[in-house]
Amino acid sequence: MTQPLDINAVSAHYGTTKVLEDLSLSVQAGELVSLLGASGCGKTTTLRLIAGFLAPTSGSISLGGRDLTRLPTHKRDIGLVFQNYALFPHLSVLDNVAFGLKQRGIGADERRKRAMAMLERVGLAPLAERAPGALSGGQKQRVALARALVIEPPLLMFDEPLSNLDAKLRVDMRVEIRQLQRANGTTSVYVTHDQEEAFSISDRVAIMNAGRLMQFDRPEVLYRRPANTFVARFVGFENIIPLKVVARDGDIVVAETAGMRLRLPQSLFGQIPDTFLLATRPDGLVVSTDPAAEGLSAQLGLRTYLGRAYQYQCETPAGHLIANGSLTTPLEAGTNVKLVPMPEQCTILAAEDAR
Amino acid sequence: MSDRPHPVLIGIAALVYLFLMLPLVIVVGAALSDTTYLTFPPQGLSLRWFQNIFEISAFRRTIVTSLQIALLGTLIALLIGIPAAYALNRFRIELPKWLGTLFVLPILVPEIVFGFALLKSLTVGTGAPIFLSLLIGHTLIVLPYVVRVISASLASFDFSIEEAAISLGSAPVKTFFTIVLPNVRAGVIAAFILAFITSLNDVSVSLFLTGPGISTLPIQILAHVEQFFDPTVASVSVLLMFLTVAVMAIVERTLGLTFLAK
Ligand SMILES: Nc1ncnc2c1ncn2[C@@H]1O[C@H](COP(=O)(O)OP(=O)(O)O)[C@@H](O)[C@H]1O
Ligand SMILES: [Mg+2]
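Keeping their order, the protein sequence lines are chains W and E. Counting from 1, position 69 in the first sequence corresponds to residue 68 in numbering that gives the first Met the number 0; the numbering is continuous, with no gaps. Counting from 1, position 103 in the second sequence corresponds to residue 102 in numbering that gives the first Met the number 0; the numbering is continuous, with no gaps.
Be aware that a few hints might be false.
Unchecked claim - Not the full set, but computed from the structure, chain E residues with beta-carbon under 10 Å of chain W:
| no. | residue |
| --- | --- |
| 1 | Gly-10 |
| 2 | Ile-92 |
| 3 | Glu-93 |
| 4 | Asp-157 |
| 5 | Glu-162 |
| 6 | Ile-165 |
| 7 | Ser-166 |
| 8 | Leu-167 |
| 9 | Ser-169 |
| 10 | Pro-171 |
| 11 | Lys-173 |
| 12 | Thr-177 |
| 13 | Ile-178 |
| 14 | Pro-181 |
| 15 | Arg-184 |
| 16 | Ile-188 |
As the list claims (entries may be wrong) - Distance ranges between label pairs, derived from CB positions:
| no. | chain 1 | residue 1 | chain 2 | residue 2 | range |
| --- | --- | --- | --- | --- | --- |
| 17 | E | Arg-59 | W | Lys-112 | 57 to 63 Å |
| 18 | E | Leu-78 | W | Gly-104 | 28 to 34 Å |
| 19 | E | Gln-42 | W | Pro-88 | 31 to 37 Å |
| 20 | W | Gly-300 | E | Pro-171 | 43 to 49 Å |
Since the hints were made in silico from the structure, they are not lab data. Every residue gets a Cβ at the ideal spot worked out from N, C-alpha and C, and that includes glycine.
Put together the whole structure using the sequences plus the hints.
The structure is reproduced here in structure tokens:
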């Protein structure tokens with residue numbers, strides 16, 4: 000039953016405003032892909048296009064090789080889980096779950112049996128006769144999940160399903176969702192604005208910005224090797240330093256900026272162009288009080304306590320940077336230090352991408 | 000601090016109730032009077048004035064006409080008003096703002112003017128039968144209430160519920176009946192009752208549209224009091240009250256139950 004989803008160069012408009020531009024995305028059969036991005040970047044719009052609530056202005060969408068673009072929603076056979084649960088208030092929990100089966104012409108006894116079995120799986124069988132209004136948020140989302148899963152759809156889609164739940168429950172529920180999805184092997188598209196959530200449950204993550212796909216890859220790759228400055232900043236590479244290559248010596252590239260010379264092994268980064276951006280997280284900059292250290296001269300500003308480290312706002316000739324320093328030697332604002340990038344914790348970005 | 004309401008509040012509430020109920024008490028009392036003139040408190044008790052309603056053929060006929068017009072007008076207004084209210088709420092963002100206002104216009108125009116305009120355009124203009132003119136007129140005056148009340152009900156309806164049903168394989172039109180309508184049931188019932196009562200009690204529009212042979216109950220009451228001062232009008236009023244309450248009860252029951260049975 001599991002099928003691949005192909006979104007092919009899709010654009011979408013609301014009236015005359017373009018909200019999605021030339022979006023292409025392929026989800027393999029059985030894969031869970033997250034759409035991740037800030038509010039308003041077009042994640043829900045993408046789901047609505049796939050579900051058929053909205054028609055693309057150009058491009059096509061296919062599921063298991065079958066073109067969906069002209070198919071009305073109720074014939075698409077897609078399981079949807081909404082942020083606000085969207086349970087039918089006038090039906091019991093059991094009837095909510097059985098609703099999709101009823102639409103498929105399945106008899107009352109069989110419906111009841113399958114709906115109960117599904118409720119069993121999400122641990123809600125004892126509440127089958129309740130009204131949805133009498134459930135907690137987590138229970139409601141479980142019913143919504145059961146309702147979408149029981150029709151055994153070739154594609155499941157989630158629109159920020161956990162954002163109305165409290166933090167602890169969110170973590171439990173996402174594990175539960177992932178386990179159910181894995182067990183059924185259902186191709187899934189999962190929308191969230193929460194990076195940790197997306198990274199933790201997805202096979203691959205599509206990072207979106209202003210209606211465009213910025214990067215689509217495995218979480219490990221996105222986390223370590225963002226492809227552009229947008230994704231880099233999004234995953235926490237807060238320091239982006241422009242550098243120029245001044246010498247190449249075999250594997251070692253010597254690059255320079257604002258009085259700092261860096262030796263970078265190409266084996267770590269791949270081919271390094273003559274001008275590029277070096278990106279690091281605050282953890283990738285060592286705060287050194289040794290004036291002879293090879294790094295960026297910096298003056299420390301505000302210090303904040305992170306629990307595992309102190310974080311410093313730093314003024315450098317290369318701009319404002321953020322570095323984490325050791326807990327054993329807190330430094331005062333105004334101290335002159337060197338910030339030394341650790342190559343293993345850096346990544347490089349194309350310079351022309353600077354925005 | 001206790002949960003019990005303050006004595007002053009209770010007093011005010013009691014006064015309000017008294018104020019609301021007093022006219023009813025007077026009307027019921029007058030209707031039961033044995034005298035040949037309208038009086039309160041009733042002198043002697045008798046049901047003869049209730050009997051009298053049915054002896055005057057004009058009352059018999061107008062009661063039937065009024066009920067027919069109110070029922071049909073309300074049903075037509077619901078048939079137009081429910082889809083209109085649905086569209087106005089469902090496509091709130093896409094639709095122009097003035098479209099919603101359009102449905103309130105009949106309330107904004109003084110009813111007398113509205114009635115006169117209908118007379119000119121319908122009865123005189125097209126020579127439409129009186130019953131039809133009355134029906135159209137009443138449909139138009141109750142439509143704004145229907146659209147308003149059902150819109151209010153739909154405003155708190157979460158349309159993603161409808162989308163959930165459609166995604167589960169229910170066709171859109173079917174979804175409207177199985178998912179949307181049951182969830183605005185209270186609004187439909189309220190709209191029905193409000194429209195029915197408004198139509199049943201209407202004077203100003205009917206005044207212009209009634210004609211030879213066909214009239215509505217309020218107009219007949221008006222005609223009656225111009226000539227007689229007997230308690231018949233009081234007993235008709237009481238009858239009207241009972242009819243209204245009966246219709247409310249029936250609507251609550253049937254509409255409520257049909258929806259529950261899905
Ligand atoms: N019905 C609509 N009419 C007009 N603009 C809309 C509508 N729905 C969403 N938008 C706009 O489209 C953009 C993308 O919205 P959406 O897909 O909901 O973003 P996300 O789900 O990523 O938060 C936003 O700028 C939003 O304001
Ligand atoms: Mg959204």
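*Go through the hint on E:Pro-171 and say holds or violated, using the shortest Cβ distance to chain W against 10 Å.*
holds, 7 Å
*Given E:Ser-166 was flagged as interface, is its beta-carbon under 10 Å from a beta-carbon of chain W?*
holds, 4 Å
*Would you settle whether the hint for E:Ile-178 is holds or violated, based on the nearest Cβ-Cβ distance to chain W being less than 10 Å?*
holds, 6 Å
*Taking the closest Cβ pair, is E:Lys-173 under 10 Å from chain W?*
Interface hint status for E:Lys-173: holds (9 Å vs cutoff 10 Å).
*Can the suggested window of 31 to 37 Å be confirmed for the beta-carbon pair E:Gln-42 and W:Pro-88?*
Given a distance of about 56 Å, which is not inside 31 to 37 Å, the answer is violated.
*Holds or violated: is the Cβ of E:Ile-188 closer than 10 Å to a Cβ in chain W?*
violated, 14 Å
_Minimum beta-carbon distance criterion (10 Å), E:Ser-169 to chain W_ = Constraint on E:Ser-169 satisfied, holds at 5 Å.
*Quick one, is the E:Thr-177 hint okay against chain W at 10 Å, beta carbons?*
Holds, about 9 Å.
*Taking 10 Å as the limit, does the beta-carbon of E:Gly-10 come near enough to a beta-carbon in chain W?*
With Cβ-Cβ at 37 Å, over 10 Å, it is violated.
_Cβ separation of W:Gly-300 and E:Pro-171, checked against the hinted range 43 to 49 Å_ = At 59 Å between Cβs, range violated.
*asked:* Hint validation: E:Glu-162 versus chain W, beta carbon distance must be below 10 Å. Holds or violated?
replied: With a minimum Cβ separation of about 6 Å from chain W (threshold 10 Å), the hint on E:Glu-162 holds.
_I want to verify a distance hint. Is the separation of the beta carbons of E:Leu-78 and W:Gly-104 within 28 to 34 Å?_
This hint holds: roughly 30 Å between Cβ atoms.
Violated hints, in rising order: 1, 16, 19, 20; the structure is consistent with all others.
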